[in-house]
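Q: Next come the chains, spelled out residue by residue.
There are 2 protein chains.
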Amino acid sequence: MAFEILEKDLAGRIGRLRIRSGVIETPALFPVINPVKQVVSLNDIAEIGFNQVITNAYLLKRHYGDLVREVGVHKLLNWDKPIMTDSGAYQLLMYGKVEVSPDEILRYEIDIGTDIGVILDIPTQWGRPREAVFLEVEETLRRARAALVKAKMWDPEHKMLIVGPVQGGDRLDILSYSAVKMGELNFDIYAIGSPTTLLEEYDFSTIMRMIAVVKEKLPPGKPVHLFGAGHPLILPFAVAMGIDLFDSASYVLYARDDRIILRDRTVRLSEVRVDRIPCNCPVCRRYSVKELMSMNKAERERLLAIHNLYVLWEEIQEIKARIREGTLWEYLEEKAGGDARVKSALMAMRKGLRALMKVIPDEAGRVRALHVTSVESLQRPEIIRHVERLLNNYEPPQGCVVVVLPGELLDRPYIRDSLVYWLIDQLSGNNLLSRVHVVINNPVLGPIPYEISEVYPLSQHEYPEPTPNYLRSLSRQLLRKYLTKLRDRGFTDVIIIVRDGRDKFINGLMNMGFRGMVILEARSRQELYSLIPWVIKEVSNIQCGN
Amino acid sequence: MAFEILEKDLAGRIGRLRIRSGVIETPALFPVINPVKQVVSLNDIAEIGFNQVITNAYLLKRHYGDLVREVGVHKLLNWDKPIMTDSGAYQLLMYGKVEVSPDEILRYEIDIGTDIGVILDIPTQWGRPREAVFLEVEETLRRARAALVKAKMWDPEHKMLIVGPVQGGDRLDILSYSAVKMGELNFDIYAIGSPTTLLEEYDFSTIMRMIAVVKEKLPPGKPVHLFGAGHPLILPFAVAMGIDLFDSASYVLYARDDRIILRDRTVRLSEVRVDRIPCNCPVCRRYSVKELMSMNKAERERLLAIHNLYVLWEEIQEIKARIREGTLWEYLEEKAGGDARVKSALMAMRKGLRALMKVIPDEAGRVRALHVTSVESLQRPEIIRHVERLLNNYEPPQGCVVVVLPGELLDRPYIRDSLVYWLIDQLSGNNLLSRVHVVINNPVLGPIPYEISEVYPLSQHEYPEPTPNYLRSLSRQLLRKYLTKLRDRGFTDVIIIVRDGRDKFINGLMNMGFRGMVILEARSRQELYSLIPWVIKEVSNIQCGN
Numbered sequence: 002m003a004f005e006i007l008e009k010d011l012a013g014r015i016g017r018l019r020i021r022s023g024v025i026e027t028p029a030l031f032p033v034i035n036p037v038k039q040v041v042s043l044n045d046i047a048e049i050g051f052n053q054v055i056t057n058a059y060l061l062k063r064h065y066g067d068l069v070r071e072v073g074v075h076k077l078l079n080w081d082k083p084i085m086t087d088s089g090a091y092q093l094l095m096y097g098k099v100e101v102s103p104d105e106i107l108r109y110e111i112d113i114g115t116d117i118g119v120i121l122d123i124p125t126q127w128g129r130p131r132e133a134v135f136l137e138v139e140e141t142l143r144r145a146r147a148a149l150v151k152a153k154m155w156d157p158e159h160k161m162l163i164v165g166p167v168q169g170g171d172r173l174d175i176l177s178y179s180a181v182k183m184g185e186l187n188f189d190i191y192a193i194g195s196p197t198t199l200l201e202e203y204d205f206s207t208i209m210r211m212i213a214v215v216k217e218k219l220p221p222g223k224p225v226h227l228f229g230a231g232h233p234l235i236l237p238f239a240v241a242m243g244i245d246l247f248d249s250a251s252y253v254l255y256a257r258d259d260r261i262i263l264r265d266r267t268v269r270l271s272e273v274r275v276d277r278i279p280c281n282c283p284v285c286r287r288y289s290v291k292e293l294m295s296m297n298k299a300e301r302e303r304l305l306a307i308h309n310l311y312v313l314w315e316e317i318q319e320i321k322a323r324i325r326e327g328t329l330w331e332y333l334e335e336k337a338g339g340d341a342r343v344k345s346a347l348m349a350m351r352k353g354l355r356a357l358m359k360v361i362p363d364e365a366g367r368v369r370a371l372h373v374t375s376v377e378s379l380q381r382p383e384i385i386r387h388v389e390r391l392l393n394n395y396e397p398p399q400g401c402v403v404v405v406l407p408g409e410l411l412d413r414p415y416i417r418d419s420l421v422y423w424l425i426d427q428l429s430g431n432n433l434l435s436r437v438h439v440v441i442n443n444p445v446l447g448p449i450p451y452e453i454s455e456v457y458p459l460s461q462h463e464y465p466e467p468t469p470n471y472l473r474s475l476s477r478q479l480l481r482k483y484l485t486k487l488r489d490r491g492f493t494d495v496i497i498i499v500r501d502g503r504d505k506f507i508n509g510l511m512n513m514g515f516r517g518m519v520i521l522e523a524r525s526r527q528e529l530y531s532l533i534p535w536v537i538k539e540v541s542n543i544q545c546g547n
Numbered sequence: 002m003a004f005e006i007l008e009k010d011l012a013g014r015i016g017r018l019r020i021r022s023g024v025i026e027t028p029a030l031f032p033v034i035n036p037v038k039q040v041v042s043l044n045d046i047a048e049i050g051f052n053q054v055i056t057n058a059y060l061l062k063r064h065y066g067d068l069v070r071e072v073g074v075h076k077l078l079n080w081d082k083p084i085m086t087d088s089g090a091y092q093l094l095m096y097g098k099v100e101v102s103p104d105e106i107l108r109y110e111i112d113i114g115t116d117i118g119v120i121l122d123i124p125t126q127w128g129r130p131r132e133a134v135f136l137e138v139e140e141t142l143r144r145a146r147a148a149l150v151k152a153k154m155w156d157p158e159h160k161m162l163i164v165g166p167v168q169g170g171d172r173l174d175i176l177s178y179s180a181v182k183m184g185e186l187n188f189d190i191y192a193i194g195s196p197t198t199l200l201e202e203y204d205f206s207t208i209m210r211m212i213a214v215v216k217e218k219l220p221p222g223k224p225v226h227l228f229g230a231g232h233p234l235i236l237p238f239a240v241a242m243g244i245d246l247f248d249s250a251s252y253v254l255y256a257r258d259d260r261i262i263l264r265d266r267t268v269r270l271s272e273v274r275v276d277r278i279p280c281n282c283p284v285c286r287r288y289s290v291k292e293l294m295s296m297n298k299a300e301r302e303r304l305l306a307i308h309n310l311y312v313l314w315e316e317i318q319e320i321k322a323r324i325r326e327g328t329l330w331e332y333l334e335e336k337a338g339g340d341a342r343v344k345s346a347l348m349a350m351r352k353g354l355r356a357l358m359k360v361i362p363d364e365a366g367r368v369r370a371l372h373v374t375s376v377e378s379l380q381r382p383e384i385i386r387h388v389e390r391l392l393n394n395y396e397p398p399q400g401c402v403v404v405v406l407p408g409e410l411l412d413r414p415y416i417r418d419s420l421v422y423w424l425i426d427q428l429s430g431n432n433l434l435s436r437v438h439v440v441i442n443n444p445v446l447g448p449i450p451y452e453i454s455e456v457y458p459l460s461q462h463e464y465p466e467p468t469p470n471y472l473r474s475l476s477r478q479l480l481r482k483y484l485t486k487l488r489d490r491g492f493t494d495v496i497i498i499v500r501d502g503r504d505k506f507i508n509g510l511m512n513m514g515f516r517g518m519v520i521l522e523a524r525s526r527q528e529l530y531s532l533i534p535w536v537i538k539e540v541s542n543i544q545c546g547n
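Chain order of the listed sequences is A and B.
Just so you know, we're using the working numbering here: the first sequence kicks off at 2 and counts up by one.
Just so you know, we're using the working numbering here: the second sequence kicks off at 2 and counts up by one.
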């Protein structure tokens, strides 16, 4: 198997793709190399930290023809690490036609020694009529099948990995069909057709939906490439949805326009009104904004392109670090906090991630706390999973009395809080433990049974304090549902201690049909302590069993 | 005047502080220099980009005594740029006593040629009884008054700027009193007493409240220093509340502990499970994680401290860039998105910022869009200001019919949307303009009168789409209030076009007491277009005047 998955977070993964010219650690970005006029030297690109590049077989063929067949693409570019080649499909998209056949270009890619070759498919043009898109997807599928047959003939040792592009654009049903059909063919790598228009319009949420549809249908073990995405605002989101590979010319296109890529935005050099760009890359360490402005255009373009590549390298590295830390979601929320269009992308992930989670195994061993900072945080996979388990799978202990403690006054993990410990000890000493189910009511996560309070993320999470109402709706819903579950299992009495005895929601629980329900107020830890003896007494007075 | 304010965003500012040894551009961070054993050389610190350092006069006096009087502190440290000295107050806080009097240390600071000297005050210890805190604050005030008198004698040319610390800790009433009293004395710079404990506990929200209390009482034109804050998670928040100066030893304290400061978190080197730290600073460019791990402790400590300083430099630079761009709020939301404790800080700013806004002038000429990404975004100063103006100051045109258009279907600025333009043109052509008030109902900002739709931020803002309900509550409240205002001004009829005709809130407006109210549905721009002729006809049928 050429692709090995090493680590996961959300639907994102760190992987290792073995190819003829080396190993690519994913997620990886392939800087686009212009084979005719390259602004940043490949030495510089290697120095920045990129281990792979992509160039265009169609342009190579037109400009150098059979020369490349003789020397090979690695020699021509003077680059012995992995090279991917595009097929001219992008030119087809831009100019409407290419002067090469799918067979010719495939043969050429094999002959010049490309490590990863894309077949010549038909990219979906934006706003094209539905029927046309469908017919083009069918044509792409025909070409895909043909390419795999030809490749076996022309590359019997399977030296070149072949990429099968999934097309259909934002026609999600066609895209899905295309993914199913392509997925049935045995490509080494899959790709999602060029969302350039969406990227230009910052319509990240449509891209999220496209990725979700495709990823759900493709074989999960295969690497997936997203064409044309090269901005730090979209990269972590695409990775979180399961994209492994990227290519982008953005670094040089932006530089040509005097635009600087930063981790959370793009700025024009002329709009930078501080003496130095807020960046520690070698270019920004060396040159002030003024110096960059007063250079000749070509030199500035080259330096800004290098800066942009440094930022992209750091972004990929950050994403990897986040996957390993298990904090990719927190990273997405960070990006979404500062940009409404990125926030839309975060929101759009919800449905897709839920579907993808079926194929994602459980994470374990997370060491960092889970941070709840927004309504969206409460819809992240770990919490959805917890809710489902609590309501459907969790087997509460036997008993008849539920004691609910206010989470705001206790330390996490609750099982180790001295006050909780004391309560359990007292219950145990009075032989009451077997009749009582202790539950801690967390302001954002809702009821947490004492017994599972050491399970992640119940053990380790952070939420804003004082906790705003908009973060409390999940916890309220869950408390009601969990109490209902306990009622149905034979619990007859509830003692709820809350911080605010006038809380309308809590008082509304009175009508749930328990034999007895007591609501007590404890505004401080001190007050909570002083209530414990009373709770013990109350519990011992309750008659369990009918 | 030694301090000049050049630019503002929120309560944050970029300023220029002129002192004997040069100019400090604020916000600025003073790396703490240990005069006895300094891990990072001052050459390195200058190279990283810091123009100023802080060291400790008390330690200088104890270790070098009168030697420093002879050579001067600049020679001793071999640093000809600005030097600030602390007075031993921190040692007082830590060890309970110092062997120097307030007069002695002040005299020493003047004699050794410090550029900015802190008086020897009594820092507030955490958890100390209220009465003790009050007495200590009184003592600090006595010392402050004495220091200013002595300084006039010993430093008649006022070569050294004097810092007056405001104490009181989290006892906000005492802190406020202290700020009032200190503010009456003519210090060059004010400082807020050491919130070290809060910083260690990530209790940023209490720090925000402390800053708000102090800033509200101090003269707004003076620079304000926050002692001991040196992490990228707190810096932009403190600046946004009006802090200009920082000092911190965090860079070296963290490094000693093998901890790496990143812009949004701190990680232990041993927990970095990627080959390279996601950072482009010279240290991280040069050394892999493995290389750093296998170095001897002293060298690693030095390199990590340098890395930490690079990150702090970039953070300050980013904050400056954000103030100049007018996007400091977006930056805060970004930081808050990934960390619940930072989110608490953002929430805690609300009250303080509102109070501070009274002393902050209006911003103008913002070029970047305002991003609404959270409930908190809707409480940012620009929006609060807009709401107040719309409801209290804005003078709507005369007329009797209100036409409300659905903002979701229109482009911003609305005044330039072709559909809006067409409506206005038609109304004008039919001589109906004088009786109609056109209002665009924005999903997050609520009713935007056509006439002011080109004013920032109504002209230029972004919100997530589809817009979640939790971001719609402000707009709903405002629509009702604004319609009430129009009703009270004599408008009798309302035509509301909405995207969803079943919207309960909109239907609830029916009971507002207008003579006539029509609710129409337009699910697309196309449908909205086709309704315009109908609107024109309807308007012309309405009898204006009694």
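What the hints contain is simulated information worked out from the structure, not anything from laboratory work.
Take the hints with a grain of salt, since some may be wrong.
To give an idea of the interface, some chain B residues facing chain A are shown, with a C-beta separation under 7 angstroms as derived from the structure [said to hold, decoys possible]:
no.: 1; residue: 65
no.: 2; residue: 104
no.: 3; residue: 105
no.: 4; residue: 275
no.: 5; residue: 284
no.: 6; residue: 291
no.: 7; residue: 311
no.: 8; residue: 318
no.: 9; residue: 339
no.: 10; residue: 352
no.: 11; residue: 373
no.: 12; residue: 460
no.: 13; residue: 508
Idealized CB from N, CA, C, for every residue including glycine.
Q: Against this structure, judge whether each hint is valid.
A: To see whether the hints hold, each was checked on the structure:
1. 65: Hint violated; residue 65(B) Cβ to chain A Cβ min 34 angstroms, cut 7 angstroms.
2. 104: Since chain A brings no Cβ nearer than about 41 angstroms to residue 104(B), farther than 7 angstroms, the hint is violated.
3. 105: With Cβ-Cβ at 40 angstroms, over 7 angstroms, it is violated.
4. 275: Holds - the Cβ of residue 275(B) comes within 7 angstroms of chain A, reaching about 5 angstroms at its closest.
5. 284: violated, 9 angstroms
6. 291: This hint is violated: residue 291(B) lies away from chain A, its Cβ roughly 15 angstroms from the closest one there, beyond 7 angstroms.
7. 311: Interface hint status for residue 311(B): holds (5 angstroms vs cutoff 7 angstroms).
8. 318: holds, 4 angstroms
9. 339: holds, 3 angstroms
10. 352: Because about 12 angstroms separates residue 352(B) from the closest Cβ in chain A, which is outside the 7 angstroms limit, the hint is violated.
11. 373: holds, 6 angstroms
12. 460: Not OK, violated: residue 460(B) not within 7 angstroms of chain A, min 15 angstroms.
13. 508: violated, 24 angstroms
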